[in-house]
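Start from the sequences, fold in the hints, and give me the full structure.
The sequence shown runs 320 to 478 under the working numbering.
These are calculated hints, taken from the structure and not from any lab test. Be a bit skeptical, because a hint or two may be false.
Said to hold, decoys possible - Straight-line C-alpha distance at most 25 Å; calculated SDA-like pairs for lysine to any residue:
| # | residue 1 | residue 2 |
| --- | --- | --- |
| 1 | K415 | D471 |
| 2 | K353 | D328 |
| 3 | K470 | E414 |
| 4 | K334 | S401 |
| 5 | K395 | Y358 |
| 6 | K477 | E414 |
| 7 | K470 | S432 |
| 8 | K353 | E414 |
To be verified - Pair ranges (Cβ atoms, derived):
| # | residue 1 | residue 2 | range |
| --- | --- | --- | --- |
| 9 | Y358 | K425 | 20 to 28 Å |
| 10 | S339 | M392 | 18 to 26 Å |
| 11 | A474 | S339 | 40 to 48 Å |
Even glycine gets a Cβ: it sits at the ideal position worked out from N, Cα and C.
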Amino acid sequence: MVNLKLSEDKINQIKEICKSFNNEKGELINVLHKTQTMYGYLPAEVQEVIARELNVSTAHVYGVVTFYSFFTMIPKGEFPISICMGTACYVRGAEKVLDEFKRELKIAVGETSKDGKFSLSCLRCVGACGLAPVVLVGEKVYGRVSPDGVKDIIAEYKQ
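Have a look at this one:
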């Protein structure tokens, strides 16, 4: 695991977020959410600052971060790719689409490409079952994706 050195400025930003929630222990999820929005992810060093400011154990913060799938300790790529694995998408070949993304990007689910451009994750249901299988790149929805269409989707963001 890479040990980050947080800048004084970054530490102060995290402290300000905690302060905006009155350093209340009960506001941990809100603090984590706002911090992740600012920082992009929640590495151990960020969690330690939050734990100190809210006067809770680092283990408690870590437990919350790892329990909720919304939070991540790994930086996401510039273009996060999510493949829907809901029933309709799965039945219509989402697993083959996922396999093609993994092959093309040379990363596994939960990882980020070496260049930092792409990260890969799976979702339960996007709510666009009529377009199955569905892929999201950031907020953009791609419907009826086949393994053959994966290269074209990646190419849109590669420049």
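ask   = Taking each numbered hint in turn, which are not upheld by the structure, reported in ascending numerical order?
value = As far as the earlier hints go, 4 and 8 are violated by this structure, in ascending order.
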